[in-house]
Amino acid sequence: MILKELLNRNIRLLWAGQLVSQSGDAITHMATIWLMLQLTGSATMTGLVAFAGTFPALIFGLIAGVVVDRFNRRNLMLISDMVRFSLVLTIPLLFMSENLSPLILAILVFLMATFSTLFNPARDAILPQLTSRNQLFRVNTLMQSTSYFAYFAGLFGAGIILGWTGLINLFYLDAITFAFSFIMIWWMVIPKIPANSSTLPEIGFKNRSWQDLKIGLRYVWRDDRRILGIVLITALNNFFIMGPAVVGIPLVIKSAWGGGGSDFAFVESTYGIGMLLGAILVYWYAQRFGKGVWLMLGMIYDGLTFIPILVVDKLGVAPLYAMIGIIFIHSIGIPFIQVTRTTLIHSLVPNHMQGRVFAMVNLAVIGMTSLSVALTGIIAEMISPQVIFLLIGIGGALCGVAGLLYSPIRQAD
Numbered sequence: 001m002i003l004k005e006l007l008n009r010n011i012r013l014l015w016a017g018q019l020v021s022q023s024g025d026a027i028t029h030m031a032t033i034w035l036m037l038q039l040t041g042s043a044t045m046t047g048l049v050a051f052a053g054t055f056p057a058l059i060f061g062l063i064a065g066v067v068v069d070r071f072n073r074r075n076l077m078l079i080s081d082m083v084r085f086s087l088v089l090t091i092p093l094l095f096m097s098e099n100l101s102p103l104i105l106a107i108l109v110f111l112m113a114t115f116s117t118l119f120n121p122a123r124d125a126i127l128p129q130l131t132s133r134n135q136l137f138r139v140n141t142l143m144q145s146t147s148y149f150a151y152f153a154g155l156f157g158a159g160i161i162l163g164w165t166g167l168i169n170l171f172y173l174d175a176i177t178f179a180f181s182f183i184m185i186w187w188m189v190i191p192k193i194p195a196n197s198s199t200l201p202e203i204g205f206k207n208r209s210w211q212d213l214k215i216g217l218r219y220v221w222r223d224d225r226r227i228l229g230i231v232l233i234t235a236l237n238n239f240f241i242m243g244p245a246v247v248g249i250p251l252v253i254k255s256a257w258g259g260g261g262s263d264f265a266f267v268e269s270t271y272g273i274g275m276l277l278g279a280i281l282v283y284w285y286a287q288r289f290g291k292g293v294w295l296m297l298g299m300i301y302d303g304l305t306f307i308p309i310l311v312v313d314k315l316g317v318a319p320l321y322a323m324i325g326i327i328f329i330h331s332i333g334i335p336f337i338q339v340t341r342t343t344l345i346h347s348l349v350p351n352h353m354q355g356r357v358f359a360m361v362n363l364a365v366i367g368m369t370s371l372s373v374a375l376t377g378i379i380a381e382m383i384s385p386q387v388i389f390l391l392i393g394i395g396g397a398l399c400g401v402a403g404l405l406y407s408p409i410r411q412a413d
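Following my numbering, the numbering of the sequence shown begins with 1 at its first residue and continues without gaps.
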């Protein structure tokens, strides 16, 4: 498939907006965690700000899916970008006026994540309206590859910028990226979904929302065991993996070799390079085998490749370089989880249900991450963060093994 054939006008605009905006997201993700670590020096408080960035998916995730299926997805994305622009700009303004406390920082992160919980399923569910069904897999791969490159570019750039200016100025840069994304989405012209593509009853909004939610839950729980298995395994896997991935990495950097914010940015940027390479492998090879199998193999690889962090400071090379190497190898497997899971949902789930199903997956990913990061911060006060990576690496890999043993997932394609 020639790349330009995939990039119609709407895909180009969405792609450009997400390339820039996700670079800013990566910067803010790193900056808020390191800022809290600087403000408090506490693993628990660092876990708290990470928790604030993921907890909205637990409480708003499912209803966000209903909203995405009920309202204009483009407009929801525009509103989300505008609000997040305002919120992220508030952080440096409060800091410069000496009014930014750890609690206020956590609240602002919580509010930004709330609107991300609305934006993400809207973005995912709108893709089938922008391209043909037979191009969805490659469009998903392209969009995921863009996010990986954006993650690398944002964090690598942040590592360099930190040498020139203060940490707090990075938030101004992210605000600009949200404004750019807003403009790109504003220029998109979205084809309307046919009126008969939804079977939802036209009743009052409150009752409609509850009815829509019940229909979505019933679809996943009863109508398609493949989707149910994917959601449950995803939730369990993220409970093991994501807390240490988000909170554990900066704690290891600080405790194992006394690294600073630039070290954290460079290590995190390595994810982008590894995931970009993994996305290329997915693009060329994943369609040759069942996507359900690839999804579970990706989870096994994801867990096992975190285990070497246990000995990151005992490998005979500078710990920073050892950590960069470990994260690079680890991140190659991530697209085999993300791209195959997204494409499975696009392939298996009717369009009028996709917003709710993506919201449930978002709940499984980000919602369980919120529990995981909170527990990681607490546990890291009691045992070495490096030991945590040994335990969760084993647990994450076992999730993939369990998925392979469940035939509806193994046979899904």
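Please keep in mind that the hints were generated in silico from the structure rather than gathered at the bench. Any given hint might turn out to be false.
[As the list claims (entries may be wrong)] Restraint-style ranges between C-beta atoms, simulated for each label pair: (1) 129 / 183: 16 to 22 Å; (2) 79 / 317: 45 to 51 Å; (3) 277 / 132: 33 to 39 Å; (4) 99 / 280: 43 to 49 Å.
Even glycine gets a Cβ: it sits at the ideal position worked out from N, Cα and C.
*Could you see if the CB distance from residue 99 to residue 280 stays within 43 to 49 Å?*
46 Å, holds
_Satisfaction of the hinted span 33 to 39 Å by the C-beta atoms belonging to residue 277 and residue 132_ = Violated, at about 27 Å.
*Check the following: the C-beta atoms of residue 79 and residue 317 are separated by a distance inside 45 to 51 Å.*
At roughly 48 Å between Cβ atoms, residue 317 and residue 79 fall inside 45 to 51 Å, so the hint holds.
*asked:* Tell me if the beta carbons of residue 129 and residue 183 are separated by a distance inside 16 to 22 Å.
replied: 20 Å, holds
Violated hint for the displayed structure: number 3, the only one.
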